[in-house]
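2 protein chains.
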Amino acid sequence: MPAASDPTSFLAPEDRRLLDLAIEQAELGWDEGGVPIGAVLARGGEVLSVGRNRRVQQGSAILHGETDALERAGRQPATVYKECTLYTTLSPCFMCAGCALLYKIPRIVIGENRNFSVSEALLAEHGVELVVADDERCVDLMDRMMTERGEIWNEDIGE
Amino acid sequence: MPAASDPTSFLAPEDRRLLDLAIEQAELGWDEGGVPIGAVLARGGEVLSVGRNRRVQQGSAILHGETDALERAGRQPATVYKECTLYTTLSPCFMCAGCALLYKIPRIVIGENRNFSVSEALLAEHGVELVVADDERCVDLMDRMMTERGEIWNEDIGE
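Residue numbers (the UniProt record's numbering), protein chains in the order written: chain C, 1 to 159; chain W, 1 to 159.
Just so you know, not all the hints are guaranteed correct.
Since the list can't tell identical chains apart, any single copy or any two copies may satisfy a pair.
[Said to hold, decoys possible] Okay, derived cross-link-like pairs now, EDC-like style, lysine to aspartate or glutamate, Cα gap no bigger than 20 Å in a straight line:
no.: 1; residue 1: Lys-104; residue 2: Glu-155
no.: 2; residue 1: Lys-82; residue 2: Glu-151
no.: 3; residue 1: Lys-104; residue 2: Glu-159
no.: 4; residue 1: Lys-82; residue 2: Glu-155
no.: 5; residue 1: Lys-82; residue 2: Asp-15
no.: 6; residue 1: Lys-104; residue 2: Glu-151
no.: 7; residue 1: Lys-82; residue 2: Glu-159
no.: 8; residue 1: Lys-104; residue 2: Glu-46
Since the hints were made in silico from the structure, they are not lab data.
Construct the complete structure from the given sequences, taking the supplied hints into account.
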C-alpha cells in the first residue's frame with residue numbers, strides 16, 4: 001500500500017499495478033545501458049504486452065517504450081485498441097502520441113511529465129483521457145538519464 | 001521525362017527520382033502481399049534508407065513505410081534529420097507524422113493524399129514543408145489495396 005503522503009495515491013489500484021509494471025521495464029532498460037522508459041498495453045486490467053525503449057539495446061530509432069509495447073502486442077484489430085489503456089513512465093513524444101492516435105487508444109496513464117511533455121495538448125484535443133501520476137520513481141529515472149546519459153537522451157528526442 | 005500532361009511534372013527531378021524509389025518499395029510491398037506504402041529518407045539527394053509497410057510481412061503494428069525507413073536509417077544525430085526530406089507514397093498517419101515531428105524532419109514529399117489524409121494540418125502547424133505530388137501510380141496502388149485487401153488496410157489505420 002502506498003503511504004498516505006504518496007502523491008500518486010489517487011491512482012486506482014489497477015492503474016498503480018500496471019504503471020509499476022511499466023516502471024519495471026524502465027528500470028530494466030536502465031540496467032541494460034539504455035533509455036529508462038517503459039510501457040504497458042492493457043485491456044481491462046489484462047496485460048497485452050510490455051515494452052521499453054530499445055535505442056541502445058537494438059540500435060533502434062523508433063522503438064520507444066510505447067511503440068515497443070504496441071509492436072510486442074502484435075497485429076490487433078481496432079476493436080482491441082479501443083478498449084485499451086497505455087501506461088508509460090514518461091509523457092509521450094509526438095511519435096508515440098501519434099501511435100496512440102492512429103490506433104484510437106482512449107486512455108493513457110503517464111508516470112511523469114516534469115522532464116518531458118510535448119504531446120498532451122494534442123492527445124487531449126483528440127479526446128484521449130490522460131492520467132498523470134507524477135510518480136517520483138519515474139522522475140528519478142529520467143533525472144538520472146539526463147544527468148548520466150544526456151547525449152543519448154538528446155538523440156532520443158531529436159535534440 | 002514525364003509527359004507534359006503529367007500532373008506531377010512540377011516536381012524537381014531529384015524529388016521525382018526519390019519518390020520513384022519510394023514507389024518501388026510500395027510495389028515490392030504489394031507483391032509481398034502487404035500494404036503498398038513505401039518511403040525514402042534522403043539528405044541532399046543522398047539516400048539514407050528505404051522502407052515499406054511491413055504489417056503483413058513481419059506481423060508489425062508499427063512498421064509503416066515511414067517508420068520502417070527511419071528504423072533502417074539507424075540511430076542518427078538530430079543534425080542529420082534536420083537536413084532530410086522524407087518521401088512517402090501516401091499522406092502520413094499520425095504515428096508517422098509524429099515520427100517526423102520527433103526528429104524535426106523539415107520536409108515531406110507525399111505521393112498522394114486522396115485516399116488518406118489526417119496529419120497534414122498538424123505537420124504544417126509545426127512548420128514542416130509538404131509537397132503533394134498527386135501521383136497516379138500512388139493513387140492506383142492504394143485504390144487496389146482498398147478494393148482487394150480492405151480488411152488489412154482498415155487494420156493498418158485502426159479502423
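- prompt: How would you label the pair Lys-82, Asp-15 (within, between, both, or neither) given a Cα cut-off of 20 Å?
  reply: Within one copy only: 17 Å inside a chain, 38 Å across chains, cut-off 20 Å.
Intra/inter-copy verdict for Lys-104 and Glu-151 if alpha-carbon distance must be at most 20 Å: between (33 Å within a copy, 17 Å between copies)
message: Within a copy, between copies, both or neither: which one fits Lys-104 and Glu-155 at a CA-CA cutoff of 20 Å?
response: between (28 Å within a copy, 12 Å between copies)
task: First find the shortest C-alpha distance between Lys-104 and Glu-46 inside one copy, then the shortest across copies, and answer within, between, both or neither for a cut-off of 20 Å.
output: within (18 Å within a copy, 36 Å between copies)
- request: Give the relationship of Lys-82 and Glu-159 under a CA distance limit of 20 Å: within one copy only, between copies only, both, or neither.
  value: Result: close only across copies, 10 Å inter versus 33 Å intra.
- request: Please work out whether the CA atoms of Lys-104 and Glu-159 approach to 20 Å or closer within one copy, between two copies, in both situations, or in neither?
  value: between (28 Å within a copy, 9 Å between copies)
query: Is it within, between, both, or neither for Lys-82 and Glu-155, if the alpha carbons may be no more than 20 Å apart?
result: Close across copies (12 Å), not inside one copy (32 Å); limit 20 Å.
message: Within a copy, between copies, both or neither: which one fits Lys-82 and Glu-151 at a CA-CA cutoff of 20 Å?
response: between (36 Å within a copy, 17 Å between copies)
Checked against the numbered hints above, the structure breaks none of them.
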